[in-house]
Amino acid sequence: MKLDRRQLLALTGLGAASGLLAACGDAKTSSGPGTTTQDQLAKLLPAYTPNELVKADIPSVQGANGFFSNPAFLKYPANPVTSSTGVPGKGGSYTTMTPLWGAIPSASGNAYYAAVNKAIGATLKLQPADGNNYDKVLPTLFAGDKLPDWVQIPGWNMGNLGFADAVNKFADLGPYLSGDAIKAYPNLAAIPTSAWQCCIWNGKLFGLPVYYSGATIAGTLFHRKDILAKEGINPDDIKTPDDLAALGQQLTSAAAGRWAFDDVFDTLGQIYKFPVDPNRWVIDESGKILHRYETPGILEALNWYQTQAKAGHVHPDALADKTQEAKQRFWSGKVAITGDGPGAWKGDDAKSGKAANPSYERQAFKLLSTDGKPQIWMNPSAGMYSFLNAKLSADEIKECLSIANYLAAPYGSKEYLTVNFGVEGIDYTMVDGNPVLTERGSKEVATTYQFLITPISPTTVIAGQTQVVKDYAAWEADMVKYAVKPAFYGMNVTEPAQYASINQPMVDLVKDIRFGRKPISAYQEGLKTWKAQGGDQLRAFYEDIRSKYGTGQ
Amino acid sequence: MTALHEAPPAQQKPDEAAPVRKNRFRRDRSLLLMVIPALVLLIVFNYVPMFGTATAFQRYSIYAGFWHSPWVGLETFRQLFSDSLFWSALGNTLLLSLVQLVFYFPIPIALALLLHSIMSSKVRTIVQSVVYLPHFFSWVLAVTIFQQMLGGAGALNQFLREHDLGTFDVMTNPDTFALLVTSQVIWKEAGWGIIVFLAALAAIDTQLYEAAAADGAGRWRRLWHITLPGIRGVIVLMLVLRLGNVLTVGFEQMLIQRGAVGRDAAEVLDTYAYFYGVVNANFSLGAAASLFKGVLSLLFLLAANKIAHLLGEDGLYRR
Numbered sequence: 001m002k003l004d005r006r007q008l009l010a011l012t013g014l015g016a017a018s019g020l021l022a023a024c025g026d027a028k029t030s031s032g033p034g035t036t037t038q039d040q041l042a043k044l045l046p047a048y049t050p051n052e053l054v055k056a057d058i059p060s061v062q063g064a065n066g067f068f069s070n071p072a073f074l075k076y077p078a079n080p081v082t083s084s085t086g087v088p089g090k091g092g093s094y095t096t097m098t099p100l101w102g103a104i105p106s107a108s109g110n111a112y113y114a115a116v117n118k119a120i121g122a123t124l125k126l127q128p129a130d131g132n133n134y135d136k137v138l139p140t141l142f143a144g145d146k147l148p149d150w151v152q153i154p155g156w157n158m159g160n161l162g163f164a165d166a167v168n169k170f171a172d173l174g175p176y177l178s179g180d181a182i183k184a185y186p187n188l189a190a191i192p193t194s195a196w197q198c199c200i201w202n203g204k205l206f207g208l209p210v211y212y213s214g215a216t217i218a219g220t221l222f223h224r225k226d227i228l229a230k231e232g233i234n235p236d237d238i239k240t241p242d243d244l245a246a247l248g249q250q251l252t253s254a255a256a257g258r259w260a261f262d263d264v265f266d267t268l269g270q271i272y273k274f275p276v277d278p279n280r281w282v283i284d285e286s287g288k289i290l291h292r293y294e295t296p297g298i299l300e301a302l303n304w305y306q307t308q309a310k311a312g313h314v315h316p317d318a319l320a321d322k323t324q325e326a327k328q329r330f331w332s333g334k335v336a337i338t339g340d341g342p343g344a345w346k347g348d349d350a351k352s353g354k355a356a357n358p359s360y361e362r363q364a365f366k367l368l369s370t371d372g373k374p375q376i377w378m379n380p381s382a383g384m385y386s387f388l389n390a391k392l393s394a395d396e397i398k399e400c401l402s403i404a405n406y407l408a409a410p411y412g413s414k415e416y417l418t419v420n421f422g423v424e425g426i427d428y429t430m431v432d433g434n435p436v437l438t439e440r441g442s443k444e445v446a447t448t449y450q451f452l453i454t455p456i457s458p459t460t461v462i463a464g465q466t467q468v469v470k471d472y473a474a475w476e477a478d479m480v481k482y483a484v485k486p487a488f489y490g491m492n493v494t495e496p497a498q499y500a501s502i503n504q505p506m507v508d509l510v511k512d513i514r515f516g517r518k519p520i521s522a523y524q525e526g527l528k529t530w531k532a533q534g535g536d537q538l539r540a541f542y543e544d545i546r547s548k549y550g551t552g553q
Numbered sequence: 001m002t003a004l005h006e007a008p009p010a011q012q013k014p015d016e017a018a019p020v021r022k023n024r025f026r027r028d029r030s031l032l033l034m035v036i037p038a039l040v041l042l043i044v045f046n047y048v049p050m051f052g053t054a055t056a057f058q059r060y061s062i063y064a065g066f067w068h069s070p071w072v073g074l075e076t077f078r079q080l081f082s083d084s085l086f087w088s089a090l091g092n093t094l095l096l097s098l099v100q101l102v103f104y105f106p107i108p109i110a111l112a113l114l115l116h117s118i119m120s121s122k123v124r125t126i127v128q129s130v131v132y133l134p135h136f137f138s139w140v141l142a143v144t145i146f147q148q149m150l151g152g153a154g155a156l157n158q159f160l161r162e163h164d165l166g167t168f169d170v171m172t173n174p175d176t177f178a179l180l181v182t183s184q185v186i187w188k189e190a191g192w193g194i195i196v197f198l199a200a201l202a203a204i205d206t207q208l209y210e211a212a213a214a215d216g217a218g219r220w221r222r223l224w225h226i227t228l229p230g231i232r233g234v235i236v237l238m239l240v241l242r243l244g245n246v247l248t249v250g251f252e253q254m255l256i257q258r259g260a261v262g263r264d265a266a267e268v269l270d271t272y273a274y275f276y277g278v279v280n281a282n283f284s285l286g287a288a289a290s291l292f293k294g295v296l297s298l299l300f301l302l303a304a305n306k307i308a309h310l311l312g313e314d315g316l317y318r319r
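Chains B and P, in that order, are what the protein sequence lines are. The numbering of the first sequence is this note's numbering, which starts it at 1 and goes up by one. The numbering of the second sequence is this note's numbering, which starts it at 1 and goes up by one.
Source of the hints: derived by calculation from the structure; they are not laboratory data. Some clues are possibly wrong.
Straight-line distance between alpha carbons at most 30 angstroms, and here's what the computed DSSO-like set of lysine-lysine pairs gives [to be verified]:
| no. | chain 1 | residue 1 | chain 2 | residue 2 |
| --- | --- | --- | --- | --- |
| 1 | B | K414 | B | K470 |
| 2 | B | K125 | B | K136 |
| 3 | B | K118 | B | K470 |
| 4 | P | K22 | B | K511 |
| 5 | B | K230 | B | K169 |
| 6 | B | K136 | P | K22 |
Only part of the chain P face toward chain B is listed, based on derived beta-carbon distances under 7 angstroms [as the list claims (entries may be wrong)]:
| no. | residue |
| --- | --- |
| 7 | P19 |
| 8 | K22 |
| 9 | I62 |
| 10 | A153 |
| 11 | A155 |
| 12 | G166 |
| 13 | M171 |
| 14 | N173 |
| 15 | D175 |
| 16 | F275 |
All C-beta atoms, glycine included, are put in the ideal place defined by N, C-alpha and C.
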């Protein structure tokens, strides 16, 4: 199997041996393009054995192209069951590192950490690190050979690591998990195949999937339903970008401190059909591979946005690129329409918004389109992955996988409560049938263990906001009908490093144009430079990938 | 021992220098001991990392490390110098530095003179504390305050809107960006910058003022003939140091506002090294840009020092 691939790569010149690095003009992708053929995938992927413990209050809805909406629960099951047998650990001690967006909890006297470590029968020394600077920390860990035993790496941080090479530092989990081997870890076997597919590089299974969803999207357009209602606008009437543009005038009242839009540019990708991160490529009807910057859609979107910006319908702070405060602007009603990830639509958001304004109501628009035929490109079903250090012994790897099996216990189990909420009475209490963190719990319980591996995470009630769950489930059930796979979906392609530098000038140019600092006409000049400096070569690289590995669609 | 100590240096013979040095060492040893921690810090954090400069001559890979990354000579510099974005970053850096030199540099001096002339020590302490304060704010906070006050939806513009007056957004205007960042630097750092000048002012003999006043010299005469000559050495020293830092115009300040005014106005050498070196993990290019900056800064520093010496001042060290 290995020999086949090596021969194949040798023929294409993609996977040169490390001695030929200089000849490639690139020292980082000595391990080839990272991706894997369909045949190999079939041999590597773990067998899928669902273990649905409890029936969801709002069941999952099957959408297009194999995507499906999240099941939703309005109450935690009354009698949680135990999903794994016994204590998984054997008393080992492992260092872990996970990104964290939020305050890093203190490790000393942390009842939550103590409870989970006791339950897993091993000591995980958690070292959460600031998620916003995670991509700056990782290269130094690799360079200094100081990787922890168990490390999580988000997909969007892999670009500057030359990930096809980085995985050589991690343990090959194939022998433990491929095919039926995974049945030793039933909770891991219950993670759907599409998530495992994202964990494969260079023809080997390296990762454990985190943050799984049946239809993961980058983001969508949200509106303040209460503000729209006051202006007599029915959100279901908004179907095209022209409809949306008309709201610009109607909802903006600068003297009163309210603007129609925040920085919604990325959500225009779904409407005008240009892919946004982490997706970058599309294949047009004639079969041509196009980069995001080459699509006609991005020009239309730039035009739309610049028109709104110049007309004064976009909040001035958004035009000053102050993205961090976007949520506050939305909560306080300074903007009526914003773009955000689907994770923004949760109970805690409703709680924060209602604190600013009791009538606060976040809703998402149904998918817009220019032609009445909406579609939405899906993200890889797992966006983050954890890895075990290659220095661990086979026994240690097995212990870690057993721990992972515990951490991946499904919703409705006793273990799920321990992993996500800690100790009842100390870190959480049950309120109206749902676990709610206590004041101590909200300081101690951070997303740490869950970022090592995550099972299917249903939509659940947070902060007592039941209606939010119902609304989100209904919207998602509608959204998955339009789900499509983008080009090179879930293929883990590692681009040669020399093309990294051509992206930044385009990122800057797009910002210049949409904020109205440069005319639309400046775009073509920038695109020409992009193509000349490596964009055309990068496309050729992907044409090669297509001919050898397929498009993942 | 005492005899050796008291011997004037001019009369030393070469063979006597060693005992003199030994003696001086014994005399100053507690001072030297106190210097050691600072010296260690300097070596560990300033000199040891200089070996990293080697990556500018390599095609550095985090997997191969310093020892195994291939050497490429000056290729990275060729790549750097052929990048128009690099030259535009250098141009911006020099422009911003020049504007700051002209508009920022005199402010702390003027402020120090003003404060020095205040007689009431209570008023002086209050003013001093108020103007020091912004120095301790982070740039994120400083820029946020500017945005809240002067931004398109800030206090000033909302006031203008409410009264049907025209609005202006200086926070997103690339054309006036140099003035914006300079006024931010003045607001944040001018108060802190007065300390060294106040110290110099305090060192001027008050008898000079009394004598001049007795001779009938007015306020401006005293300023011109006593105060300014008294702090001239410090002013020149600060100017020399500033010129040595001419290529450093505030990484954080630029990074935070780069999105608001765009690359063309806000890309400086440090942000260039960040985006094209660190963010893209092209560490060799980042190292090359930084080395270029370091060498150029040293040249600026030496040139400024030379000019100071020609003007008869001490500059960084006495000749």
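Hints, one by one, checked against the model:
Restraint check for K414 of chain B and K470 of chain B: satisfied, since their Cα atoms lie roughly 24 angstroms apart, inside the 30 angstroms limit. At roughly 22 angstroms between alpha-carbon atoms, K125 of chain B and K136 of chain B fall within 30 angstroms of each other, so this suggested pair holds. With a C-alpha separation of about 36 angstroms, the suggested pair K118 of chain B and K470 of chain B falls outside the 30 angstroms cut-off, and the hint is violated. Our distance criterion of 30 angstroms between C-alpha atoms is broken by K22 of chain P and K511 of chain B, whose separation comes to about 65 angstroms.
Distance restraint check for K230 of chain B and K169 of chain B: the Cα-Cα separation of roughly 57 angstroms exceeds the 30 angstroms cut-off, and the hinted pair is therefore not satisfied. Restraint check for K136 of chain B and K22 of chain P: not satisfied, since their Cα atoms lie roughly 49 angstroms apart, outside the 30 angstroms limit. Using the Cβ-Cβ criterion of 7 angstroms, the hint placing P19 of chain P at the interface with chain B is not satisfied: the shortest such distance is roughly 48 angstroms. Hint status for K22 of chain P relative to chain B: violated, with the closest Cβ pair at about 43 angstroms, above 7 angstroms.
A cut of 7 angstroms between beta carbons decides the hint on I62 of chain P: the least distance to chain B is about 4 angstroms, and the hint holds. A cut of 7 angstroms between beta carbons decides the hint on A153 of chain P: the least distance to chain B is about 4 angstroms, and the hint holds. Because the beta carbon of A155 of chain P sits about 11 angstroms from the nearest beta carbon in chain B, more than 7 angstroms, this interface hint is broken. The interface hint given for G166 of chain P is violated, since its Cβ lies 12 angstroms from the closest Cβ of chain B, which is over the 7 angstroms cut-off.
Checking M171 of chain P against chain B by beta carbon gives a least distance of about 5 angstroms; that is within 7 angstroms, so the hint holds. Given hint, N173 of chain P at the interface with chain B, is violated; its Cβ is 9 angstroms from that chain's nearest Cβ, farther than 7 angstroms. Here the hint on D175 of chain P is broken, as its CB sits about 10 angstroms from the closest CB of chain B, past 7 angstroms. With a cut of 7 angstroms, the hint placing F275 of chain P at the interface with chain B holds, because the nearest CB-to-CB distance is about 5 angstroms.
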